[in-house]
Structures are given as structure tokens and as C-alpha cells.
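S.K.: Listed below are the residues making up each chain.
There are 2 protein chains.
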Amino acid sequence: MRIDMQAAAALLQRADRILILCHDHPDGDTLGSATALAGALQAMGKTVAVRCGDPIPQQYGFLFDGLAQPEFSPETVVAVDVADPKLLGKAFNAAYGARVDLCIDHHASNTLFAKETWIESDSASAAEMIYLLLQGMGQTITPQQASRLFVGVTTDTGCLRFSNTTVRTFRIAAELAAAGADTYHIIQTFFETKTKTFAALERLALDGMRLYFHDRCALMCITQEMYRLSGSDESETDRLTNLPRQIEGVRVGLTMRELPNGDFKASVRTHGDINASAICKRLGGGGHAGAAGCTLHGTKQQAINALLKEVQAELDTDTID
Amino acid sequence: MRIDMQAAAALLQRADRILILCHDHPDGDTLGSATALAGALQAMGKTVAVRCGDPIPQQYGFLFDGLAQPEFSPETVVAVDVADPKLLGKAFNAAYGARVDLCIDHHASNTLFAKETWIESDSASAAEMIYLLLQGMGQTITPQQASRLFVGVTTDTGCLRFSNTTVRTFRIAAELAAAGADTYHIIQTFFETKTKTFAALERLALDGMRLYFHDRCALMCITQEMYRLSGSDESETDRLTNLPRQIEGVRVGLTMRELPNGDFKASVRTHGDINASAICKRLGGGGHAGAAGCTLHGTKQQAINALLKEVQAELDTDTID
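Residue numbers (our numbering), protein chains in the order written: chain V, -12 to 308; chain G, -12 to 308.
Keep in mind the hints are simulated off the structure, nothing from the lab. Careful, some of the hints might be misleading.
Pairs involving identical chains hold if they fit within one copy or between any two copies, as the list cannot separate such chains.
[What the hints assert, rightly or not] Below, a list of computed lysine to aspartate or glutamate pairs in the EDC-like style, where the Cα atoms sit at most 20 Å apart:
no., residue 1, residue 2
1, 183, 194
2, 287, 250
3, 102, 235
4, 181, 58
5, 296, 202
6, 181, 194
7, 183, 103
8, 33, 88
9, 181, -9
10, 73, 202
11, 287, 235
12, 183, 235
13, 102, 71
14, 183, 202
Small disclaimer: the values here were computed from a predicted structure and weren't measured.
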């Protein structure tokens, strides 16, 4: 059932022994949102833990500072920024996929798998929703809580640059800054610092970028060979996915990365009316209108062809904004 | 004489036939601030024009939409974001350098050349000051005015990423967004879109980046040859100056660009306590603590050596933040 923020707040206020689940391949929004929610619920005296099906990447470790992570048998299971129980990862899906009590999410594609779901599909991040939820529950936003939410707000918007960024996003970013979020170090860490291996990978990827459809589409393919040459690995590729779309005139930016098993993960980023989610849905994936993803099989050329075919279909519907 | 915002507002409210001057090699802050101030003063019924010693780069043209640019003999001359009358450019310095009535600036290095100077050296941009000034004068911030100011607020802070960004910067950015600034297109234009020639230049520049002083300094040199190879030109190099500092561990990022006469313009960007302005001052330039510039003569290697010598002196005083 779909519920609103007040009902979600009431559910959480009644609950105890709460397990908060993130999506796998975790990003700043699922982790920032989950840790901020956990911090608030722990401050209310509840027993709460945050779990994720995949290991937490090192750069997000600080989000867990000061958070208790007790082991307990959960009474209430909450999923944050999780559109589909498959995204909990195999083990957590098996254990909890059918018994999530509350899902807080901003994906229009949410499958409503939870008993209660609070969705705001026009929210740029789950973290914006959590910020409003914590305010609605009368929780003080400490500097640490503000930093957790600021990570979510910025990482899901390319640091306030993507088209999902709204006036509310700017306002909440400003309120989190005023509440003491460590904005400078967060932005430096996630947007302005490149490891030497990442810089090398970025150069290889840019060298291989190709344009299609009268330069309205740019495609970059990151191969296992590039990881070897640069010393980088796939943990650093998320930040590359915005580069193809940056070329002037490009409406659809594509990033493919070769997985160890030879499959390709495609990230689709679009401008204007072009629906990235529609492109990916036809290839078995999903996401948002401006940012979506899917997995492709076959050789590199087969994967490129399959992706470009769907891009072309979507470009044919394009009106320049 | 140094004056405060109220005195600056009073001066402007009394004035008419106002000439507003920008600094040469104009950027988003001097142009956004000057056009917003002009728009407000014209809305108050005054005769106002904005002038700049250098041509206005094409991407800033929209700031002048809807602004009258009358020819008249000025009674009051205002300089915005101008730290030194030399920065007015030769002709305007000769004509007005000694008769600027009011300078509104955020550079600590301001020479106090104007009759009255309102400086806030901890303001990230002149545009923040103009925003507060217009509010103080009871001016409505229209969407167009908000866009002009948003250009200044974002371009001087790397889109809210540089260390000069404060809580006030975030708050003003949010208020400008709420006032109807075209935040998405401004950010796309100035931060997220690369021409194909710029992308080619960026690759050449990154390929030539070198590290010094145990990787605490990165230097990128953009040559006339690179402009020829990429099809780009120096109008696009400003956006490259942040790249060297992005490498993990780098405290001082240096960008040198070869001028047509063989000299080199150096841009110095620093992290933490390292004073970019001190480095550049010893080489005849100046700027802010985190971002400064100077001009170097001699061969490329001589210019590099001169710059690195001053960087080393400054790095020797460094404490890791």
C-alpha cells in the first residue's frame, strides 16, 4: 500500500528493533539515507541496524561513524532507496524481500513490494525525503546527521547539477549546510578528488569515446583491459557515467563497463525529453527518466548494437529542449 | 574609503547616469554582478550601462538580454569585482581608473582605488554581495535577475564546490533558485557541457600533466600547439584550471597556458593552508588564497622552473588539513 510521510513517521515511531536495508552496489543516497534514518531512530532510543547486501565502499565508511550496529532479531524491516526486492541482493532478498514493512523510495519504478511504501518519484534523492521525515518527527539535525543526508542529496544529483535537482533540493542542501554538514570535504571526496588510477582510467575511457546518430549519442566502453592498464577497478567507474552526456549536442550518454564474466553493465544518461528508463526497460533494466541502467550479454559489439538500437528508437521521438 | 552595504545602497539610490565597469578577461561573476546591478538600477528608473574592456564571451551574452545599453556621459562610475584599476583594461583604466566612485568587490587584494569601496573579502563572489544589496534596496529578484546572480554565484565557486563556498553561498543559491533562476541550464552551460574541441583539448592537457614534490603539486601546460591540434582556443581554458588540483594528494594545482607572444599565464589553485595568492604575488600576480594567477616570461622550462620554485617555498610551510 502507498502511504504518505506522516503515516511513515507514525509507523517508525511505533516500531522498535528496526532493520534498515540498503540496495546492493550501494551508493551515497541509499547509505546516507539509511544511516541518517538509523541515527535518528537510535537517538529516539530504538534498537536499529543498517545492513547492505554488498560491502560498503571505503569512501562511505564515515557515514557509519557513531552508529551502533547491534545484532538482533528484527521486528520491523525498512528498505531505503530500494525499488525492487532483487536490489537487496540475493541473501537479503531471500531473508527479507517478502517481509519489508516500509519502503522509502524515490524511484517511479518501485514495484511496491513492501507492505507500506512511501514514494516521492519527483524527489531527487531518498535523502531529501529522509530529511523531511526527520523534521516531521521533530528530530534535531546534528552536523553528523546533516553530513549523512548531504552525501545522499549531492551524490544522487551530481552535486546539484542533474535535471532531477529542484528548488527543494537547493533549499535542503542549504539547510543541511547551515545545520553543520561538512559540505566542503564531502564535495571534495565525491566530486573533486580523483585517485591517480582513476585519472588514468578516465583518460583511457575518454580516448575511446565514440559519437553516433549525428553526434546526438556518445558511447564510452570501459573494458577489463582498461582496468589492468590503469590500475583502477570498477569501484571507480560510477563517476565516469556522466562524461559522455557532457559533450555539446549529445542527448544520450552511454557508458558500458565490461564485467568479469564478459557481460556489460550499461548506464544511460539523457538530456531533455529522452527517457533513459524506457531505453533500459526494453533491455531488461530500469531507473529514472534521466538516468537508468541495464545489463547486456554477448560480445562487446553485440552489446553496443543492442544498446544503440534502443537509443535510436528513443532518439526518433526527441524534441530539442 | 571603505564603506558598508548600507552606504553603498544609499550612494546608488542617490545616483543617476551610472556606468558599471567589469574587469577585463570577464568572467561570470563580474558580468553576472554588473548586469544584475544594472537591471535593478534600470528598474528604479535610472540611466545605466554596463561596459567591459574586453569583448563579452558568447556564452555570457544572455546576461545582457532585456538590459538597455544607452550611450551617455556618466555622472557616477561603479566598478564590480575589480580589485585594481589595471583590470579595467587599458582604455577604461585611462578613461575612468582615477574616477571610480564606488567599487563593489570581494578581493582582499583590492587596492582601494575607488572613492568609496565596499569589500567583503570572505564573500565567495561579488554576486552574493549584489544579491544582498538588491534585497537591502527593496528590489524584487525577478527570474532574469536571479539567473544573472546565479551565474556569478556558481562560476566563482566552481558550482558551490570550492573552499570559498559558505553556508551563505548555499542559502543564496537556494533563494535564487526559488526566485526562478534557470539553474539547470546555467549549470549545464558553464559546468556540464563541453564542446568537442574543448574535450579534445582537455585530453591533450591531461596527457601532459606532470606531478612534482612527492605528488603534492600537479602541473598542466597548455600550448599553442595544443590549440592547433584540438581546434580549441584560449577562451576554453579557464575550465581546465581546476583539473590538476583534483588529483588525490595534490595540494597545489598549476595550469600554464602559452600566450600568442610566447609568455605564459599561470593559474594556481590550492587546497588547505597553501596560499595561492602568496605564490603569485612573488611572481608579480595576485588573487585569492585558494585561486590566484600571474604571467611568466621566458621559455616554457624557465617559466615552469620559476613557478615551481615559488610553489616549493609555499609547500615547505604546509600542514596537511
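S.K.: For the identical chains here, do residue 287 and residue 235 meet the 20 Å Cα criterion within one copy, between copies, both, or neither?
M.R.: The answer is neither: 26 Å in one copy and 32 Å across copies each exceed 20 Å.
S.K.: I want to check one pair: residue 73 and residue 202. Are their C-alpha atoms no more than 20 Å apart within a copy, between two copies, both, or neither?
M.R.: neither (36 Å within a copy, 43 Å between copies)
S.K.: When no copy is specified for residue 287 and residue 250, does a C-alpha distance of 20 Å or less occur within a copy, between copies, both, or neither?
M.R.: The answer is within: 8 Å in one copy meets 20 Å, while 47 Å across copies does not.
S.K.: Within, between, both or neither: how does the pair residue 33, residue 88 come out at a Cα-Cα threshold of 20 Å?
M.R.: within (16 Å within a copy, 63 Å between copies)
S.K.: For residue 181 vs residue 58, is the C-alpha pair at or below 20 Å within one copy, between two copies, both, or neither?
M.R.: Intra 36 Å, inter 49 Å, cutoff 20 Å: neither.
S.K.: Taking 20 Å as the upper bound on the Cα-Cα distance, should residue 183 and residue 202 be classified as within, between, both, or neither?
M.R.: Only across copies: residue 183 and residue 202 sit 10 Å apart there, 30 Å inside one copy, limit 20 Å.
S.K.: Give the relationship of residue 102 and residue 235 under a CA distance limit of 20 Å: within one copy only, between copies only, both, or neither.
M.R.: neither (45 Å within a copy, 45 Å between copies)
S.K.: Under a CA distance limit of 20 Å, which applies to residue 183 and residue 194: within one copy, between copies, both, or neither?
M.R.: For residue 183 and residue 194, the Cα distance is within 20 Å both inside one copy (17 Å) and across copies (13 Å).
S.K.: Evaluate residue 183 and residue 235 at a C-alpha cut-off of 20 Å and name the case that applies: within, between, both or neither.
M.R.: between (27 Å within a copy, 7 Å between copies)
S.K.: Within a copy, between copies, both or neither: where do residue 183 and residue 103 come within 20 Å Cα-Cα?
M.R.: This pair counts as neither: shortest intra-copy Cα distance 45 Å, inter-copy 48 Å.
S.K.: State whether the alpha carbon distance between residue 181 and residue 194 is at most 20 Å within one copy, between copies, both, or neither.
M.R.: Both: 18 Å inside a chain and 15 Å across chains, each within 20 Å.
S.K.: When no copy is specified for residue 181 and residue -9, does a C-alpha distance of 20 Å or less occur within a copy, between copies, both, or neither?
M.R.: neither (40 Å within a copy, 41 Å between copies)
In this structure, the hints that do not hold are numbers 3, 4, 7, 9, 10 and 11, in rising order.
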